[in-house]
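K.L.:
Quick note, the sequences are listed as chains A and B, same order.
So the first sequence is numbered by my numbering: it starts at 2 and just counts up by one.
So the second sequence is numbered by my numbering: it starts at 2 and just counts up by one.
Hints listed in this document are in silico derivations from the structure and should not be mistaken for laboratory results.
Heads up, the beta-carbon is just placed ideally off N, CA and C, and yes, glycines get one too.
Heads up, a few of these hints could be off.
Estimated spans, in silico, between C-beta atoms of each pair [unchecked claim]:
id, chain 1, residue 1, chain 2, residue 2, range
1, B, 86, A, 36, 33 to 39 Å
2, A, 86, B, 108, 42 to 48 Å
3, B, 116, A, 39, 38 to 44 Å
4, B, 23, A, 39, 34 to 40 Å
5, A, 59, B, 9, 27 to 33 Å
6, A, 32, B, 42, 35 to 41 Å
Partner residues are not named here, just some residues of chain A that face chain B (Cβ under 7 Å, in silico) [stated by the list, open to error]:
id, residue
7, 8
8, 31
9, 44
10, 70
11, 107
Number of protein chains: 2
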Amino acid sequence: MERVPVLKIGDILLVSIQIDMEDQTALQLQEDLAERIVATGCHGVIIDISALDIVDSFVGRTLATIASVSRVLDAETVVVGMRPAVAITLVELGLSLQGIRTALNVELGIEMLARSRAEAEPDDDDEDEADPAAVSTP
Amino acid sequence: MERVPVLKIGDILLVSIQIDMEDQTALQLQEDLAERIVATGCHGVIIDISALDIVDSFVGRTLATIASVSRVLDAETVVVGMRPAVAITLVELGLSLQGIRTALNVELGIEMLARSRAEAEPDDDDEDEADPAAVSTP
């Protein structure tokens with residue numbers, strides 16, 4: 002069984018999905034990610050799907066589950082790198098990835114996580130870039 | 002043909018190899034990486050191989066070629082995440098990945114790149130990296 006690696010970069014866990022998600026792979030990824038969130042105390046998860054040609058309902062559900070599990074563990078999830086064609090197909094299929102935040106690429110995803118973290122903890126870090134206008138797209 | 006995505010994080014390009022490297026995939030990756038180095042002006046490349054069970058002589062040669070091409074383009078390459086069993090097999094096979102720098106994980110790789118960059122450019126250079134203009138999330 003193939004396994005998707007979870008990379009830690011600072012306060013963020015990065016997952017680059019490149020292989021077809023089958024049941025076992027998806028379950029394993031959910032488990033690995035949850036364990037890494039607990040072990041590292043990371044508050045952000047970025048999932049890059051720029052290698053995926055197709056995002057079907059199963060992958061969509063997997064992403065939603067990962068986001069929910071992460072949220073329960075106090076980590077926020079951003080899905081990045083979606084191809085334009087994938088976005089179009091998703092909407093045509095009636096899948097709008099509700100509850101999942103998205104960004105264009107990894108860097109913008111990191112920015113988004115930093116911003117929402119700064120908003121969540123206004124006392125500790127005094128980041129001056131807390132822009133309330135740029136919140137999540139539903 | 003599958004394609005390995007190249008992710009940009011700050012001044013670093015990150016590649017996570019998860020699929021079996023065949024001739025075409027390896028060539029495509031070399032090409033993509035070289036183009037991204039030129040397009041972004043990044044000075045560091047991190048290749049994560051934590052998903053690989055086996056690193057044979059072909060993969061070893063591919064990594065060496067990538068490192069050489071990057072060096073010519075003024076970017077340094079660090080291979081990270083090698084499994085212990087892979088390291089043992091590599092040495093038993095007589096492949097010692099000469100000319101390739103390694104680190105245990107992505108974070109240590111980033112540190113290594115930052116350190117060697119600081120040594121290479123002792124003068125304070127305040128490069129203003131032009132942020133991509135399109136910050137809007139879709």
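K.L.:
Does 35 to 41 Å hold as the CB distance between residue 32 of chain A and residue 42 of chain B, or does it fail?
P.N.:
Given about 39 Å between the Cβ atoms, the range holds.
K.L.:
For the range 33 to 39 Å, tell me whether the beta carbons of residue 86 of chain B and residue 36 of chain A fit it or not.
P.N.:
violated, 21 Å
K.L.:
Mind checking the CB of residue 107 of chain A against every CB in chain B and telling me if the closest is under 7 Å?
P.N.:
holds, 5 Å
K.L.:
Residue 116 of chain B and residue 39 of chain A, beta-carbon distance inside 38 to 44 Å?
P.N.:
Given range 38 to 44 Å: violated, Cβ gap about 30 Å.
K.L.:
Determine whether the Cβ-Cβ distance between residue 23 of chain B and residue 39 of chain A falls within the hinted range of 34 to 40 Å.
P.N.:
holds, 37 Å
K.L.:
With a cut-off of 7 Å, does the beta carbon of residue 31 of chain A approach a beta carbon of chain B closely enough for the hint to hold?
P.N.:
violated, 17 Å
K.L.:
Falls inside 27 to 33 Å, the C-beta gap from residue 59 of chain A to residue 9 of chain B?
P.N.:
holds, 29 Å
K.L.:
Is the interface hint satisfied for residue 70 of chain A? The criterion is a beta-carbon contact with chain B at less than 7 Å.
P.N.:
Not OK, violated: residue 70 of chain A not within 7 Å of chain B, min 21 Å.
K.L.:
Should the interface hint for residue 8 of chain A be scored as holding, given a Cβ-Cβ cut-off of 7 Å against chain B?
P.N.:
holds, 5 Å
K.L.:
Does the closest beta carbon of chain B sit nearer than 7 Å to the beta carbon of residue 44 of chain A?
P.N.:
violated, 16 Å
K.L.:
Note whether the CB distance of residue 86 of chain A and residue 108 of chain B lies within 42 to 48 Å or breaks it.
P.N.:
violated, 34 Å
Violation of the numbered hints given earlier is confined to hints 1, 2, 3, 8, 9 and 10; the remaining hints are satisfied by the structure.
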